[in-house]
Amino acid sequence: MRASLALLTLAAPLALASCGDPAPTYIDQAWVRLSPNKDTPSAGYFVAHGGDAGTQLRGVLTDYALKVEMHESMTENGMSSMKPISSVDIPAKGTVAFAPGGRHLMIWGVNDTAISRGKMQMTFLLANGDRLLVDAVIQKPGAGEPAAENKAGEHAGH
Numbered sequence: 001m002r003a004s005l006a007l008l009t010l011a012a013p014l015a016l017a018s019c020g021d022p023a024p025t026y027i028d029q030a031w032v033r034l035s036p037n038k039d040t041p042s043a044g045y046f047v048a049h050g051g052d053a054g055t056q057l058r059g060v061l062t063d064y065a066l067k068v069e070m071h072e073s074m075t076e077n078g079m080s081s082m083k084p085i086s087s088v089d090i091p092a093k094g095t096v097a098f099a100p101g102g103r104h105l106m107i108w109g110v111n112d113t114a115i116s117r118g119k120m121q122m123t124f125l126l127a128n129g130d131r132l133l134v135d136a137v138i139q140k141p142g143a144g145e146p147a148a149e150n151k152a153g154e155h156a157g158h
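Start counting the sequence shown at 1; every next residue gets the next number (the working numbering).
Honestly, the hints are just simulated from the structure, not real lab data.
Treat the hints with caution; some may be incorrect.
Claimed, not checked - Label-pair restraints from in silico Cβ distances:
| id | residue 1 | residue 2 | range |
| --- | --- | --- | --- |
| 1 | A23 | E76 | 35 to 41 Å |
| 2 | G20 | P91 | 18 to 24 Å |
| 3 | D21 | P100 | 19 to 25 Å |
Unchecked claim - Result set (SDA-like, lysine to any residue): computed pairs, CA atoms no more than 20 Å apart in a straight line:
| id | residue 1 | residue 2 |
| --- | --- | --- |
| 4 | K140 | N37 |
| 5 | K67 | G144 |
| 6 | K67 | K140 |
| 7 | K140 | A43 |
| 8 | K83 | M106 |
| 9 | K93 | D63 |
| 10 | K140 | K93 |
| 11 | K83 | E69 |
| 12 | K67 | G118 |
| 13 | K67 | N37 |
| 14 | K83 | P100 |
| 15 | K93 | Q56 |
| 16 | K67 | K83 |
| 17 | K67 | K93 |
| 18 | K119 | Y26 |
| 19 | K67 | G51 |
| 20 | K38 | G144 |
| 21 | K119 | L34 |
| 22 | K83 | V96 |
| 23 | K119 | P100 |
| 24 | K38 | K93 |
| 25 | K140 | A114 |
| 26 | K119 | V88 |
| 27 | K67 | G109 |
| 28 | K67 | W108 |
Idealized CB from N, CA, C, for every residue including glycine.
Given the sequences, and given the hints that come with them, work out the whole structure.
Listed below in structure tokens is the structure:
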């Protein structure tokens with residue numbers, strides 16, 4: 001009887017873990033490529049990972065820049081262009097990359113404090129009401145894409 005009770009006591013946390021909160025959506029690999037000219041926007045990149053439920057990214061805010069917009073690059077009839085986008089679907093258990101040559105953030109007026117720190121905190125606004133706080137690594141003009149271990153952003157809850 002005691003052995004059964006001990007086994008039940010050990011198994012209870014595992015059983016409860018399977019009934020826990022659903023996996024959240026999170027953002028990582030966030031980085032910003034500074035523009036060489038302060039009068040033109042910098043570009044931001046990241047990867048959004050869908051949780052157990054799909055959602056939409058509705059916008060990105062930061063206290064370290066004047067303005068942030070989501071954009072998408074495209075090629076039509078051999079001509080490259082860019083257009084603003086208001087939201088992006090993040091499918092359940094899927095990933096959405098904002099990467100050079102595709103979807104990206106346009107960031108105007110990155111401030112000197114963020115540049116000297118080498119990172120800036122961004123708030124990602126999701127349709128489900130979550131606000132994800134992520135530190136984006138800042139790359140100076142001409143520098144390559146940061147190594148994967150340096151791009152990992154912290155994700156915080158709702």
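For each hint, the structure was consulted:
1. A23 x E76: 35 to 41 Å: 37 Å, holds
2. G20 x P91: 18 to 24 Å: 22 Å Cβ-Cβ, so the 18 to 24 Å window holds.
3. D21 x P100: 19 to 25 Å: At 34 Å between Cβs, range violated.
4. K140 x N37: 11 Å, holds
5. K67 x G144: Given that 20 Å is the threshold and the Cα spacing comes to 24 Å, the pair is violated.
6. K67 x K140: Satisfied, since the Cα-Cα distance of roughly 19 Å is no more than 20 Å.
7. K140 x A43: 11 Å, holds
8. K83 x M106: Holds - the C-alpha atoms of M106 and K83 are around 11 Å apart, at most 20 Å.
9. K93 x D63: At roughly 30 Å apart (the allowed maximum being 20 Å), D63 and K93 break the hint.
10. K140 x K93: Violated, at roughly 33 Å.
11. K83 x E69: Holds. K83 to E69 sits at ~10 Å (cutoff 20 Å).
12. K67 x G118: Status holds; Cα separation ~19 Å.
13. K67 x N37: 16 Å, holds
14. K83 x P100: Given that 20 Å is the threshold and the Cα spacing comes to 14 Å, the pair holds.
15. K93 x Q56: 13 Å, holds
16. K67 x K83: Holds, at roughly 16 Å.
17. K67 x K93: The given pair, whose Cα atoms are some 30 Å apart, is violated under the 20 Å limit.
18. K119 x Y26: 18 Å, holds
19. K67 x G51: Between K67 and G51 the Cα gap is close to 28 Å, so the pair fails against 20 Å, i.e. violated.
20. K38 x G144: Answer holds: K38 to G144 is near 19 Å, not above 20 Å.
21. K119 x L34: 11 Å, holds
22. K83 x V96: The given pair, whose Cα atoms are some 18 Å apart, holds under the 20 Å limit.
23. K119 x P100: 19 Å, holds
24. K38 x K93: 38 Å, violated
25. K140 x A114: Between K140 and A114 the Cα gap is close to 12 Å, so the pair holds against 20 Å.
26. K119 x V88: Judged against 20 Å, a Cα distance of about 24 Å means the pair is violated.
27. K67 x G109: Holds, because 7 Å separates the two Cα atoms, which is no more than 20 Å.
28. K67 x W108: At roughly 5 Å apart (the allowed maximum being 20 Å), W108 and K67 satisfy the hint.
Checked against the numbered hints given earlier, this structure breaks hints 3, 5, 9, 10, 17, 19, 24, 26; the rest are met.
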